[in-house]
Amino acid sequence: MPQMNMVQAINDALRVAMKKDDRIVVLGEDVGKVGGVFRVTAGLYDEFGDDRVIDTPLSEGGIVGAAIGMALYGMVPVPEIQFADFIWPAYDQIVSELAKYRYRSGGEYPCKMVIRTPVGGGIRGGHYHSQHPEAHFIHVAGLKVVCPSNPYDAKGMLLAALADPDPVLYFEPKRIYRAAKGDVPEGEYTVPLESASVAREGRDVTVIAYGAMLYEALDAAERAAQEGVDCEVIDLRTLWPVDIRAIEASVEKTGRLVVVHEAPRTCGFGAELVSLVVERVFFHLQAPPRRVTGFDTPFPYTLEMEYLPLSHRILPALLETARA
Amino acid sequence: MDSQPLTETHDEIVRVLRDDGTPDPAVDPGLSTEELRKLYSAMVRTRVIDERLVTLQRQGRIGFHIGSLGEEAAILGSAFALRERDWGFPCYREFGAALLRGLPLQRFIDNMFGNANDLVKGRQMPDHYTCRQARWGSISSPIGTQMSQAVGFAWAARLRKDDAVALVYFGDGSTSSNEFHVAMNFAGVFRTPTVFFCRNNGWAISVPVERQTASRTFAGKGIAYGVPGVRVDGNDVLAVIAVTRRAVERAARGEGATLIEALTYRVGGHSTSDDPNRYRDKKEVDPWLERDPIERFRRHLGRLGVWSESDEDTLRAEADRQVREAIAVAEKTAPPQLETLFEDVFADPPWHLVEQRAELLRGPRAPSAH
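Protein chains in written order, with the working numbering: chain A, 1 to 324; chain B, 1001 to 1370.
Simulated from the structure, these hints should not be mistaken for lab results. Just so you know, these numbers come straight off a predicted model, no measurement behind them. It is possible that some hints are incorrect.
[As the list claims (entries may be wrong)] Below 30 Å or equal to it, Euclidean Cα-Cα: the simulated DSS-like pairs (lysine-lysine) are:
1) A:K20 <-> A:K181
2) A:K33 <-> A:K20
3) A:K181 <-> A:K33
4) A:K33 <-> A:K19
5) A:K33 <-> B:K1161
6) A:K20 <-> B:K1161
7) B:K1282 <-> A:K19
8) A:K253 <-> A:K19
Work out the full structure, taking the sequences as your base and the hints as a guide.
So this is what it looks like as C-alpha cells:
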C-alpha cells in the first residue's frame, strides 16, 4: 500500500473521483497550472484540462456563487478557498444560499458540493493564514463540516463527501499537510461521514480533538500516562453532524471530558460539545468538563505557539480533570 | 437595430412602439397574432393578480406581497423571449414571468398563503416560490446572490455541451452589490451564456437611482467587464422581446453574456410594507402612468385589429375568476404538517434533527398560526 501525506491523499481522492465522475469540477484561485498554493490539486490540470480544473478570478464569493449555479445544473463542483481566513466574502453565498437551497425550494433544488479549504495555525501565518472557523459553519443549518487528521481518513472522507447529497465543508489542517503520513489504499474507498474514531483507548479521561490538534492531544495523553492517567482520545473527523454516540459511550466510561480546539473559546465548538455531554450524560460526569482552546484574541503571529492549545497546555488539563 | 450590434455598449434606448403608436419595422420582433394575444393576456393577468394580492394583504388575509405594477412589459417580455430550454433566475418581483413559464397559478397562490400545497412547504415569505419544472430558480431575499449562480449555471450548461441560456433578473439597486460586480466579471472572463436583465425601475425601496450610481447608465457598467450593455424601453414589451432574444441568441451561439438595462418604473411601493408617499412626489409617478405598458400594448393590438373591447372584458373577467378561485382553494388548504419543518435541511435528517422533531411533536403547540 502506498505511503502518502495529507496533500497526496487529498490529491489522490480528487483524481480517483474525477476519473469516475465527469460532473466533478475543481475551481478556485491558483488551482490550475500551479496546482494550488499547497499543491493539493497538482497534476489535475494536466490530466483533466482547463474545463475541469479552473483558475478563477480572485473572488471567493464568485467562486462559491458560480459553484452553486453549477451544482443546481447537476454538476459536482469542488471549490477551493485558498485559506479558510479568506472564506468570508463567500459567507453570504454559503449561509444564505448554499445551506438553504434544498430547504427553501421544498427539496426541488438540492445543492451538492464540497468546499475545500486549509485551516489552522502553527505555520507562521498570522491573523489571515491561521484561523480555524468551524463554529461559524456548524451553527448554520444545512451544512456538514468535516476535518480529517490523517491521510487515510483524508482520502476516504473526501470520497465520502463527494458521494454525499448535501453540501460539505472539508477543512484541511494545513499544519499537518505534509507531516502526517500513512498507508493509503489505491483506488476507491470511503470513510463514512458522521463517524468519529478512537485514536487512543483509555479509562480515565475522554479527550475530544480533531485536525492538527489530535496529535497534540495524543502527545499529552502519552505524557499523562507516564503520570498514571489513562486518557481516551477521540478524533471527531466529522465535526457536524457529530458522532454523538461515540462521545456518549466514551464519557459514560471515563466520566471526565476535556475538549481541545484551536479556535477561540467563547462560542467555539467546544462549548457545544460540553453542552451536549452535560445535557446527555451528566450523571456519568465525575468532574467539571474542561476546554483547552485558542484564546479569545485574533490569531497572533510571533506568539502563535503560546496561543495554540498544544500538548503543554493540554497535559495539565488532563491531570487536573483526572484528579478533580 | 442593426446599427446597435451586441458587441459594444450604447446609450441609445431601443424602442419598437413609436410615439404615434406604430411599430418600428426595423426592430419589431414580428410576433404572430396568437403570440401577441398570449403575451398581452399574460400581462393583464399579472396585473389582475397583483391588484387582488394587494387587496388580500390590506384585508390581512396574507402577510405580504411584492408587486410588479408598471413593470409588466419588462418582466413578461423578457420571459417570453426565452426558449423552452432556457432557465430563469428570478429576483422577487417576477411572479408573472414564472406563471408564463409554467408555474401553476394555484401553486403560486398556495405560496402566498404558505399552505401545505406550497411548493416551498410554507418555509418562505410570500413571493418566494420555486418551480423547477418551469426551469425557474428558487428565490431568496438577499440582493444579487442569484447573479453569480446564474453565471455558474450557464457556465455548467456550456461545459456540458448544452446550449441553454440562463437569464437573471435584478433591480437597479442590486447593481451596487458586490454580487453584481463578481457575476459580471466571471461572465465576462468565461464568456458564459448569461443574460443579465436589470429592471431599472427608478427606486430601491426609498433610494433613487442617483444614490446607486454616478454612472450615466446601468448598461454602461458592462464596459468594465467586457460584457456588452444595451438599453431598452422597459415599458415597450415588443422592444424588450427583441433585445432579450438577441441576447439569448448571442449567448447560445457561444458569444457570451449581455447586460440589458430595461428602463421602467415602479409605480407601486417596494412591497405592501412600503409607503412611497413618504419619499417621492406623486408628480413623479404621473408621467409613468401615461406610459403604462399594458395600455400602450393594447393600443397597438387595437390598431392591428387583433384585440377587441369584448376580448378585454372576457380576459379580465376570466383572470379575476381564476385568481379568486385559486385564493379560495389556497385559503382553505391546511398549513404544512409539523414534521415538514425538519425535512430538506439535509437529504436525510441526522440525529439532532430527529431528536428536535420528536421534541416539537411531543411539546406544547404555539398559541395560533398567526
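Status of the hints after comparison with the structure:
| no. | hint | in the structure |
| --- | --- | --- |
| 1 | A:K20 <-> A:K181 | 26 Å, holds |
| 2 | A:K33 <-> A:K20 | 22 Å, holds |
| 3 | A:K181 <-> A:K33 | 25 Å, holds |
| 4 | A:K33 <-> A:K19 | 18 Å, holds |
| 5 | A:K33 <-> B:K1161 | 24 Å, holds |
| 6 | A:K20 <-> B:K1161 | 19 Å, holds |
| 7 | B:K1282 <-> A:K19 | 63 Å, violated |
| 8 | A:K253 <-> A:K19 | 44 Å, violated |
Taken one by one, the earlier hints fail for this structure at numbers 7 and 8, listed in ascending order.
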